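A.B. asks: Okay, here's what each chain looks like letter by letter:
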Amino acid sequence: RKEVEQDPGPFNVPEGATVAFNCTYSNSASQSFFWYRQDCRKEPKLLMSVYSSGNEDGRFTAQLNRASQYISLLIRDSKLSDSATYLCVVNIRRGGNQFYFGTGTSLTVIP
Amino acid sequence: DGGITQSPKYLFRKEGQNVTLSCEQNLNHDAMYWYRQDPGQGLRLIYYSQIVNDFQKGDIAEGYSVSREKKESFPLTVTSAQKNPTAFYLCASSITKGTSGRAYPGELFFGEGSRLTVL
Numbered sequence: 782r783k784e785v786e787q788d789p790g791p792f793n794v795p796e797g798a799t800v801a802f803n804c805t806y807s808n809s810a811s812q813s814f815f816w817y818r819q820d821c822r823k824e825p826k827l828l829m830s831v832y833s834s835g836n837e838d839g840r841f842t843a844q845l846n847r848a849s850q851y852i853s854l855l856i857r858d859s860k861l862s863d864s865a866t867y868l869c870v871v872n873i874r875r876g877g878n879q880f881y882f883g884t885g886t887s888l889t890v891i892p
Numbered sequence: 002d003g004g005i006t007q008s009p010k011y012l013f014r015k016e017g018q019n020v021t022l023s024c025e026q027n028l029n030h031d032a033m034y035w036y037r038q039d040p041g042q043g044l045r046l047i048y049y050s051q052i053v054n055d056f057q058k059g060d061i062a063e064g065y066s067v068s069r070e071k072k073e074s075f076p077l078t079v080t081s082a083q084k085n086p087t088a089f090y091l092c093a094s095s096i097t098k099g100t101s102g103r104a105y106p107g108e109l110f111f112g113e114g115s116r117l118t119v120l
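Order-wise, the sequence lines are chains F and S. Taking this note's numbering, the leading residue of the first sequence gets 782, the next gets one more, and so forth. Taking this note's numbering, the leading residue of the second sequence gets 2, the next gets one more, and so forth.
Read the hints as simulated data drawn from the structure, not as lab findings. Watch out, some of these pointers could steer you wrong.
[Unchecked claim] With a cut-off of at most 30 Å between alpha-carbon atoms, the simulated DSSO-like pairs for lysine-lysine come out as follows:
# : chain 1 : residue 1 : chain 2 : residue 2
1 : F       : Lys-783   : S       : Lys-84
2 : S       : Lys-58    : F       : Lys-783
3 : F       : Lys-823   : S       : Lys-10
4 : S       : Lys-84    : S       : Lys-10
5 : F       : Lys-823   : F       : Lys-783
[To be verified] Partner residues aside, some chain S positions facing chain F, computed with beta carbon under 10 Å:
#  : residue
6  : Tyr-36
7  : Gln-38
8  : Gly-41
9  : Leu-44
10 : Ser-50
11 : Gly-59
12 : Asp-60
13 : Phe-89
14 : Ala-93
15 : Thr-97
16 : Pro-106
17 : Glu-108
18 : Phe-111
19 : Gly-112
20 : Gly-114
As the structure is a computational prediction, the values presented were derived from the model and not from experiment. Just so it is clear, CB atoms sit at the ideal spot from N, CA and C, and this is done for glycine as well.
Model the full structure from these sequences, guided by the hints.
C.D. replies: Printed below as a string of structure tokens:
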């Protein structure tokens, strides 16, 4: 079983739409949770850290449900520039800190 | 500015050759990581190091080697034993946040990546 699972999409949404991505993790000892954005052929860049039940940053809201072991990312008022792949990342303390990545969810915002 | 520098950005290798990818950071982070990314797949952990002179195998360490002689540097060697080395290689570092007893891992910072192609 994979440590982190995401729906790969693709999600194709019109500008201004609200879109939500979900991610599940298998290890209940997971400590920290993150959403990264990756543009084509580039390195991942941190979008949001999720340390408690959730947090909000402008149009982006991340939520964590430890009981059900899932993390979500909500994007409101989608912009063309939001088109990218969104990676769910989970940290597990296993012989040191290890970070596990989902395969990513592809988003295309359409004019 | 602080950050992580990977080199080279693009590398072509003939079969049977070893190549070394450089990763240098000036963020004063203790932990460093090497990941491999293949098209349509997530990042997979090759090796990681929590402190100088110590490193651990990740999920796909076979055919790779690393060293951590300095805090700032974590080079990755792709050996001829790696059967399918063509991939995008990403180096990252992280720092522990919080205080003793309530420490938690901070986020990963990535270099720009090295794209290796075996001819």
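A.B. asks: With reference to the structure, classify each hint as holding or not holding.
C.D. replies: Hints, one by one, checked against the model:
For the hint pairing Lys-783 (chain F) with Lys-84 (chain S), the CA-to-CA distance comes to about 23 Å; that is within 30 Å, so the pair holds. At roughly 18 Å between alpha-carbon atoms, Lys-58 (chain S) and Lys-783 (chain F) fall within 30 Å of each other, so this suggested pair holds. As the CA atoms of Lys-823 (chain F) and Lys-10 (chain S) are separated by approximately 11 Å, the hinted pair is consistent with the 30 Å bound. At most 30 Å may separate the alpha-carbon atoms for a hinted pair to count; Lys-84 (chain S) and Lys-10 (chain S) meet this at roughly 21 Å.
As the CA atoms of Lys-823 (chain F) and Lys-783 (chain F) are separated by approximately 24 Å, the hinted pair is consistent with the 30 Å bound. For Tyr-36 (chain S), the suggested interface contact is upheld, since its CB lies about 8 Å from the closest CB of chain F, less than 10 Å. With its C-beta approaching chain F no nearer than about 9 Å, Gln-38 (chain S) sits inside the 10 Å limit, and its interface hint holds. The interface hint given for Gly-41 (chain S) is met, as the beta carbon of that residue sits about 7 Å from the closest beta carbon of chain F, less than 10 Å.
This hint holds: Leu-44 (chain S) has a C-beta 4 Å from the nearest C-beta of chain F, less than the 10 Å allowed. Checking Ser-50 (chain S) against chain F: minimum C-beta separation of about 8 Å stays under 10 Å; hint holds. Restraint check, Gly-59 (chain S) versus chain F: the minimum CB separation of about 7 Å is within 10 Å; hint holds. The closest approach between the C-beta of Asp-60 (chain S) and any C-beta of chain F is roughly 9 Å, which is under the 10 Å cut-off, so the hint is satisfied.
Taken as an interface hint, Phe-89 (chain S) checks out: its beta carbon lies about 8 Å from the nearest beta carbon of chain F, inside 10 Å. The restraint placing Ala-93 (chain S) at the interface with chain F holds, with a minimum CB-CB distance near 8 Å, inside the 10 Å limit. The beta carbon of Thr-97 (chain S) is positioned within 10 Å of a beta carbon in chain F (closest approach about 8 Å), and the interface hint is therefore held. Evaluation of the Pro-106 (chain S) hint against chain F yields a held restraint, the C-beta minimum of about 4 Å falling below 10 Å.
Given the 10 Å rule on beta carbons, the hint for Glu-108 (chain S) holds: about 5 Å separates it from the nearest Cβ of chain F. Given the 10 Å rule on beta carbons, the hint for Phe-111 (chain S) holds: about 4 Å separates it from the nearest Cβ of chain F. Because the beta carbon of Gly-112 (chain S) sits about 6 Å from the nearest beta carbon in chain F, less than 10 Å, this interface hint is met. For Gly-114 (chain S), the shortest C-beta to C-beta distance to chain F is roughly 5 Å, which falls under 10 Å, so the interface hint holds.
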